[in-house]
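Enquirer: Mapping of the sequence shown onto this note's numbering: residues 1 to 122, in sequence order.
Take these hints with a grain of salt, some might be off.
Pairs of lysine-lysine, DSSO-like flavour, derived with a Cα cap of 27 Å [unchecked claim]:
no., residue 1, residue 2
1, Lys88, Lys122
2, Lys122, Lys87
3, Lys75, Lys99
4, Lys99, Lys115
5, Lys99, Lys87
6, Lys99, Lys54
7, Lys122, Lys54
8, Lys96, Lys80
9, Lys86, Lys75
10, Lys75, Lys33
11, Lys14, Lys86
12, Lys115, Lys96
In short, the hints are calculated from the structure, not lab data.
Only a predicted model underlies this, so the values are computations on that prediction, with no experimental measurement involved.
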Amino acid sequence: MPTIVEIYTDGACKGNPGPGGWGVLLRYGEVEKELSGYEYDTTNNRMELLAAIKGLEALKRHSVVHVHTDSTYVKDGITKWIHAWKKKGWKTSQRKPVKNADLWEILEGLTHAHKVSWFWVK
């Protein structure tokens, strides 16, 4: 059985919008790597998405991945809602543009390169 890459993500924002940051911990066996970044004017949801994106971008080859997030927005968005959004031309069920569609498209593309499972944590 292949070793699983565990990715733990978080994003936060002071104000919404406002300055925000994201952090990622990647764990592969005994090896750990930390990543982080910030933006001056952003939202909490963008930081949560960017954390997941940066974690997956850090992988150098096809991997079995468990992504752990405290964001139901990210977990439900990538596992449930994205299919309907794409089918409707990146519109919500209320026919409004999907917020953060630019990041959702990147995240979805990255998931195709790996076998990804998503886990929500409190």
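Enquirer: Hint by hint, say whether it matches the structure.
Expert: Now the hints, each set against the structure:
The suggested pairing of Lys88 with Lys122 is violated, with an alpha-carbon distance near 31 Å, which exceeds 27 Å. Taken as a hint, the Lys122 and Lys87 pair is broken in the structure, with Cα atoms around 31 Å apart against an allowance of 27 Å. Between the alpha carbons of Lys75 and Lys99 the distance comes to roughly 15 Å, so the proposed pair stays at or under 27 Å and holds. Distance hint between Lys99 and Lys115 is fulfilled; the C-alpha atoms sit about 26 Å from each other, no more than 27 Å.
Taken as a hint, the Lys99 and Lys87 pair is honoured in the structure, with Cα atoms around 16 Å apart against an allowance of 27 Å. For the hint linking Lys99 to Lys54, the alpha-carbon distance of about 19 Å falls within 27 Å, and the restraint holds. Simply put, Lys122 and Lys54 have alpha-carbon atoms about 21 Å apart, close enough for the 27 Å limit, and the pair holds. Between the alpha carbons of Lys96 and Lys80 the distance comes to roughly 18 Å, so the proposed pair stays at or under 27 Å and holds.
Among the hinted pairs, Lys86 with Lys75 is consistent with the structure: their alpha-carbon atoms are about 16 Å apart, no more than 27 Å. For the hint pairing Lys75 with Lys33, the CA-to-CA distance comes to about 22 Å; that is within 27 Å, so the pair holds. The suggested pairing of Lys14 with Lys86 is violated, with an alpha-carbon distance near 31 Å, which exceeds 27 Å. For the suggested pair Lys115 and Lys96, the alpha carbons sit about 31 Å apart, so the restraint of at most 27 Å is broken.
Violated hints for the displayed structure, listed by number in ascending order: 1, 2, 11, 12.
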